[in-house]
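Peer 1: Work the whole structure out from these sequences, hints included.
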Amino acid sequence: ELKVEQNPLFLSMQEGKNYTIYCNYSTTSDRLYWYRQDPGKSLESLFVLLSNGAVKQEGRLMASLDTKARLSTLHITAAVHDLSATYFCAVDIKLDSNYQLIWGAGTKLIIKP
Amino acid sequence: DVKVTQSSRYLVKRTGEKVFLECVQDMDHENMFWYRQDPGLGLRLIYFSYDVKMKEKGDIPEGYSVSREKKERFSLILESASTNQTSMYLCAASPLAGGGETQYFGPGTRLLVL
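Chains as they are written, first to last, in this note's numbering: chain A, 17 to 129; chain B, 117 to 230.
By construction, these hints were calculated from the structure, which means they are not laboratory data. Any given hint could turn out to be false.
Taking lysine-lysine and the DSS-like style, the derived pairs with C-alpha atoms no more than 25 Å apart in a straight line are [stated by the list, open to error]:
#: 1; chain 1: B; residue 1: 186; chain 2: B; residue 2: 134
#: 2; chain 1: B; residue 1: 173; chain 2: A; residue 2: 110
#: 3; chain 1: B; residue 1: 134; chain 2: A; residue 2: 19
#: 4; chain 1: A; residue 1: 19; chain 2: B; residue 2: 173
#: 5; chain 1: B; residue 1: 173; chain 2: B; residue 2: 187
#: 6; chain 1: A; residue 1: 110; chain 2: B; residue 2: 187
#: 7; chain 1: B; residue 1: 134; chain 2: B; residue 2: 187
Just so it is clear, the structure is predicted and the values come from calculations on it, not from any experiment.
Peer 2: If you want it as structure tokens, here you go:
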């Protein structure tokens with residue numbers, strides 16, 4: 017069964033702290049995406065990770081991919097209130113001749129000032 | 117920047133009505149997608165299209181159909197709306213390539229079926 021699991025699903029943290037969101041997936045893939053969604057808004061692409069060992073950073077967010085462990089992490093450094101959102105990971109899977117994204121359930125992140 | 121627009125932000129329909137959700141993208145991307153988003157379930161793919169008049173079922177196509185008569189427009193049709201189709205509907209577009217391409221999302225349509 018194709019599954020993408022995010023952990024935790026809900027996270028409340030104080031500003032200034034560090035934390036990591038985990039994304040595990042059940043089948044082989046070399047491509048993983050992280051998206052952000054603000055309440056009532058659509059999804060915004062954050063990172064595309066295209067190979068084993070890929071690491072990308074943007075501001076206080078850093079994403080990494082370990083294709084052997086089928087694991088991606090999204091690390092938040094010194095969190096600020098503006099990072100409060102729901103974060104989704106998605107894995108690119110080839111089904112027949114087409115690629116399809118399989119999505120995690122999302123991690124709702126609340127950062128308290 | 118790819119721009120993906122959806123015809124309505126909010127819709128209220130009655131059970132049994134036929135519902136059309138329209139999505140338009142302005143960057144000439146081959147792939148277009150319709151998802152529904154429900155709390156705790158992430159995004160679930162309803163249908164996608166990789167070319168004009170081409171469509172593929174996603175994970176949850178039952179109760180839905182789609183139409184892609186022009187490259188820039190992808191319509192989702194609820195033939196006879198039911199209350200369990202109350203949800204947020206998101207349209208996305210991406211270049212064809214061979215995968216590895218970011219999907220760009222529209223603002224979403226929140227549909228309430230009474």
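Peer 1: So, for every hint listed, does it hold in this structure?
Peer 2: For each hint, the structure was consulted:
1. B/186 <-> B/134: Holds. Residue 186 of chain B to residue 134 of chain B sits at ~21 Å (cutoff 25 Å).
2. B/173 <-> A/110: Distance of about 14 Å is within 25 Å: holds.
3. B/134 <-> A/19: Between residue 134 of chain B and residue 19 of chain A the Cα gap is close to 33 Å, so the pair fails against 25 Å, i.e. violated.
4. A/19 <-> B/173: 18 Å, holds
5. B/173 <-> B/187: 18 Å, holds
6. A/110 <-> B/187: Within the cut-off at roughly 23 Å; holds.
7. B/134 <-> B/187: 23 Å, holds
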